Every structure is written in structure tokens, then in C-alpha cells.
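J.: Next come the chains, spelled out residue by residue.
Protein chains: 2
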Amino acid sequence: MAERVEGERLGEFEIIARYFAPLATDAAALGLRDDAAVLVISEGYELIATCDTLIEGVHFLGNDPPDSIGYKALSVNLSDLAAKGARGHAYLLSLALPRETPPAWFEGFSSGLRELQEATGITLVGGDTTASPGPPTITITALGLVAHGHAVLRHGAKTGDRLYVSGTIGDAYLGLRLLKDPALASAWDLSEEDSAFLIGRYRRPKPRTELVIPVRNFAQAAIDVSDGLVGDVEKLARASHAGALIEAGSVPFSAPAQKALQREPRLLATLLTAGDDYEIVAAVPEASAAAFEAEAQAKGVPVTMIGRIGGPSGDARVLAPDGKPLELGRKGFAHF
Amino acid sequence: MAERVEGERLGEFEIIARYFAPLATDAAALGLRDDAAVLVISEGYELIATCDTLIEGVHFLGNDPPDSIGYKALSVNLSDLAAKGARGHAYLLSLALPRETPPAWFEGFSSGLRELQEATGITLVGGDTTASPGPPTITITALGLVAHGHAVLRHGAKTGDRLYVSGTIGDAYLGLRLLKDPALASAWDLSEEDSAFLIGRYRRPKPRTELVIPVRNFAQAAIDVSDGLVGDVEKLARASHAGALIEAGSVPFSAPAQKALQREPRLLATLLTAGDDYEIVAAVPEASAAAFEAEAQAKGVPVTMIGRIGGPSGDARVLAPDGKPLELGRKGFAHF
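Order-wise, the sequence lines are chains D and B. So the first sequence is numbered by our numbering: it starts at 2 and just counts up by one. So the second sequence is numbered by our numbering: it starts at 2 and just counts up by one.
Worth flagging that the hints you see were computed from the coordinates, not collected in a lab. A few of these clues could be false.
Note that identical chains are pooled: a pair holds if it fits in a single copy or bridges any two copies.
[Said to hold, decoys possible] Straight-line C-alpha distance at most 20 Å; calculated SDA-like pairs for lysine to any residue:
(1) 300 to 266
(2) 181 to 112
(3) 159 to 183
(4) 181 to 115
(5) 260 to 290
(6) 181 to 134
(7) 159 to 34
(8) 325 to 292
(9) 159 to 101
(10) 159 to 311
(11) 181 to 102
Computed from a predicted structure; not experimentally measured.
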């Protein structure tokens, strides 16, 4: 058995007992002492299941603080659930980590998970911990709940629907660029606070869980923006057998992103397609638009109309601020 | 968008559409065209959730046939569910693979999944596909169903319960040794069929899904043997606040394993602790033993009594065939 502590290294069972069992606050988790969870789904609810993997060097950087890695790993799954109008119920965590991962990493990582659990009510119910020769790889499968028949999907948008997006777009991309090349801060005329904001948006994307109810009440279709705004709008349009038109001049950018755009206007196409935003795009019928906006505002989440559903099926077109089609090198991110 | 086909490489969406969408036969999967699944859990059922990660070089070998990798990735999860008395309902698949993974790999891998789906009724409902700089890493989260209150857990075994194990123990370990050092076949006096059998047990462990009903009907506690028979029995005993006694002379070994044991008797302790068996250990009260055996036999699964629950709490002791305590270097496998 490897339960002994060797210097700064902990055994598998010690890691689970010390860092993860405290996150397993629901009886369903059986204290993580079993190898499965037993979940009771309340009558009248559907289960929404989603799964995202984060890999060091692909989805986060090796020197990102461990707490931000834990936060992000759970956040991107809660973002998927929020786009479905579902609240987080439980999650399973698979960790494939180098054998020499120190206790401080687990301490930080689990604190990032805890922060988001406490903010949203989701709890850890199971998982797997494996020593791997590869880069740290984290897979979370999140299970959400929504009243039967009320899940919001990618399909369902109708021609004429307004397209809304929450928050601001492109911050995470700029944050990642800054982490890789800090000199860009002066090129983009950013203050320290500006840079910290953009980096925070890359490392710790806040899931838009406050939009669960407005999305469920008023959106006909929704998607979270993980792979790029234009590409993800196109996925929603294609699933709805419709097209979409985005007005780039209406897309919301944060004040720091606006500074970068002023210094480097050609960043516009990149910000619209870069991804990692974890904002929600919702297709809302004209008749519900005012109610959707009011409910989102009441929840404290800014939402902005950026275009409409319509046009050639399966295609998301983008108009530049001058009204002409915007040239895009690509519409979003795809692995492989 | 990366949907184009580049030579022998496929885009992410093409991979999903060609190889995985055909496995998503349930409406809950939304044809894998959404980023989440919508599952309706029938009234009166509980959901069992479990998660296992397989990494090349850790859980399978780089030259294992891709279909066996797919088969094993799903099998180890179905094994966990079977030990809970739960039948497989749906699963999510996360693939982190090198960018240059060829279509033939996906073809083989998905055929291994399909084989087990068709044998057991579980279906793919979602997942994530990511290009990774690390070794192929596969995480499956499986969701099973069991009638409310009927899940069999690790805890619940009582002093005096019989300990049963399905099938035979140690085959997969011997198969792995043969793959790494083919010369062992002659050292262990194995025929080609013997070697193929043992290698097959490593590469394609058959989940004991036929035991779902006997386990649910008669076991007070159960666990699947993934990390070593003795260690996993000890986990069951510890969770049950009990001890366990295993008689090594009663542990079932296949004919090829018996040949290896005859040539190399000191393998005994290794086979009892090596893991990767994916057999089921069940604690069955004396009064239910005959019924359990009969029902398992009727399902075509051999089960063998290997000992009893009892003795010092949290400890699994092993008696050698001569009745003396068997020396074990370790009781099971642990990461970290």
C-alpha cells in the first residue's frame, strides 16, 4: 500500500483523504471511500451531463497558480451547464499527474475547486487519481439538473431571434498573450490593473451561473463561448438549421481590451474567434428580449445584443463596424 | 474551422461524426452535436457514477491494438458498476490524444467501444476530444442505474460473510509480463494458446456484467478487483469496519496461470496483489451463499469462495496453502 508519506510526497489515499474528501460534502459521494457515487435525481428533473479536459500547455500554463487551475477546470464545465439552463449538482474529477506533484499543488488546486463549489453549490462525488508520465491532465464530468423538458440546447433558435452575449469577449486571449509576452502590456498601453484583469479572465473564468434562470426562461437556444465567439455562434446556428449575423461593432469588449484594440485594430478578428471566453450566447425571440435583458440585469450579468439569427443555414457571418463583411482567418478553435 | 481532412488526418468534428456519433444511439446524446447530454432517470432508480482514466504506458501499452484499448477503457468502468449491482446506462468519453493520431486508431478504438456497447446496452452520450502533447489518455465516466436503495457498496460486509471472487485471478499480470518479455512463455511452459489467453485477459478484460443481479440480490458488499485482490479485499473490509481472511489455496487460477505458478511458485504473492483482474469480490452472508452460487452459475459466471469476513478491523490477512500467514511485499497497487 502506498498510504505512507514519503518526504514531501503523499500516497494516493492520503491525497484523497486530505484534499478531496473535504470537497465531497454530499452523502452521494460516500466520502470518496467507495469507487462510485450513488445519486438520487429528484422526480421531475433531467440530468445534464458534460465533460471537459484541461491539459497543461494546451488549456493552462505550467506556471499558472494551482488554485486557478482547479477553478478553471470546474468553471468550464459549469459554463456548459449554465448554457443549458442547468444548475450544477455533482461532478467527478479525474487527475492524471506527474508522480512528483507536491502537496502544495493539491492544496492550491483543491482550494480553487472549493471556492467554486461554495459559490455554486455543486459538490465532488467521485473520480480517479493516476500518476502519469505526461503533462498534468484534468478531466471533470459535471452533472447538472434542470426541470424536465426545460433544458436549453444548441438547436431551437429561429430566424429573427436576437443573439445576446454575456460579459465581454476576447479578454482571455489577451491575457494569455500577456502571460507569454509581458512586453505587450506597454505595446497595448495597459496599466498593471488592466493586465491583471485580462490575465485573471484567462486563468479564472467565472462561469455565468447567474444566467441559468434567464437562459432557461427566455432563450430558445444557447451555447457557451469556449472555442471562439463566431465559431460557437455558427455551431448554434447550424444545430438550429439556421444562419447567424454578428455585428462586430456591437460585440462588447472590456476597457482593457478596447485599449489593445485601439493600438492594434487588426486584433478585432482574432478576439471574435479566439475562444476561452466562457461567456454565454443566447438566442432570444424578439418578444422575450426585454424580459431577458431585465432578468439578466437583475442577476447582475451584463448582456449585449450582438446580432440575429437569419441568413444562409449553417453559416455565421460577421459585419465589420463599417457594415462590410469582416475577413476572418478562422471562425474558432478546433483540436485536430 | 478544422473540419477539413488533411491527408490522413481528420478534423475534430469529422472524428466525432465518423467514429463516435454512431455510438451515440440514445436520444439523450443529442447525436453528439451538443456539448452536453440530457438524461432522463426513470422514477425509482438511483444513478451510480464512476470514472476511470487509462494512460498509455500505465494502463495499456503503446502497441496494444486500438480496439482493445477502447474495449478496456469502457470495461473497467462497467466492472465498477457491476460491483455496485448496477447496469450500465450511459457514458461520457474524454480523449486526449497526439495530434497525429491516424484514422485507423479511431476506427479500431471505436470498434472496441461498440463491441461492449452491443454486449451490455450502455451508450455513448457525450465527451471531449483534445489534442495533447502527452501520451494517449482516455477518461470514461460511466453512469449506471440501480433500483432505489439497492446499490451494493464497499461497506456493509459483516463478520462471518463468505468472500467470493468471480473468474480467475492474476491472468492479466501474467499477460502483461509476457507482452514485455515473450521469453517467459517457455520459462512458464505455456502453449501459444495459454499466452494468447493471458494477454487477452490483460488487454480485453471482460466486465462481469452477468453478476449484476446476483450481486444485487445477495451481496452485502462488493468491489471489483482492479488494484490487486488482497488490497481490494482490504478496502472492502476497512469500509465495512471489519477484517478479512483470504485462503490463498482457495483462490482460483486459470490453467495457464497454474502452469506459471508451478514453474515459479513465488509468483503466488504477486498474483494475489497485482491487479488489473476486473473480477468481482462479493461478501455474501452464509444463509445466502447457496442462492448466490446458483444464480451466478445460472448466469454462466464461476464464483469461488476464497475466505471470510472477520478478524482485526481494516486488515486483510492471507493464509498460504500450508495454513501459515503468507508474506506479501504489498497488498495492492497505488498511484503516488
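J.: Now tell me, hint by hint, if it's right for this structure.
T.: These are the hints, each one checked on the structure:
1. For the identical chains of this complex, residue 300 and residue 266 are neighbours neither inside a copy (33 Å) nor across copies (69 Å), given an alpha-carbon limit of 20 Å.
2. For the identical chains of this complex, residue 181 and residue 112 are neighbours neither inside a copy (25 Å) nor across copies (41 Å), given an alpha-carbon limit of 20 Å.
3. In this assembly of identical chains, the alpha carbons of residue 159 and residue 183 never lie at most 20 Å apart, being 44 Å within a copy and 62 Å across copies at closest.
4. Within a single copy, residue 181 and residue 115 get their C-alpha atoms no closer than 28 Å, and across copies no closer than 42 Å, so neither meets the 20 Å cut-off.
5. Taking CA atoms no more than 20 Å apart as the test, residue 260 paired with residue 290 passes in neither setting, with 30 Å inside one copy and 75 Å between copies.
6. Taking the shortest Cα distances, residue 181 and residue 134 sit within 20 Å of each other only across copies (18 Å), while inside one copy they are farther apart (25 Å).
7. Taking the closest pair of Cα atoms, residue 159 and residue 34 come within 20 Å of each other only across two copies (18 Å); inside a single copy the shortest separation is 48 Å, beyond that limit.
8. In this homomeric assembly, residue 325 and residue 292 never come within 20 Å of each other (Cα to Cα): the closest approach is 31 Å inside a single copy and 77 Å across copies.
9. Within a single copy, residue 159 and residue 101 get their C-alpha atoms no closer than 52 Å, and across copies no closer than 39 Å, so neither meets the 20 Å cut-off.
10. Taking the shortest alpha-carbon separations for residue 159 and residue 311, only the intra-copy value of 8 Å comes in at or below 20 Å, while the best inter-copy value is 66 Å.
11. Taking the shortest alpha-carbon separations for residue 181 and residue 102, neither the intra-copy value of 24 Å nor the inter-copy value of 28 Å comes in at or below 20 Å.
In this structure, the earlier hints numbered 1, 2, 3, 4, 5, 8, 9 and 11 are contradicted, and the remaining ones agree with it.
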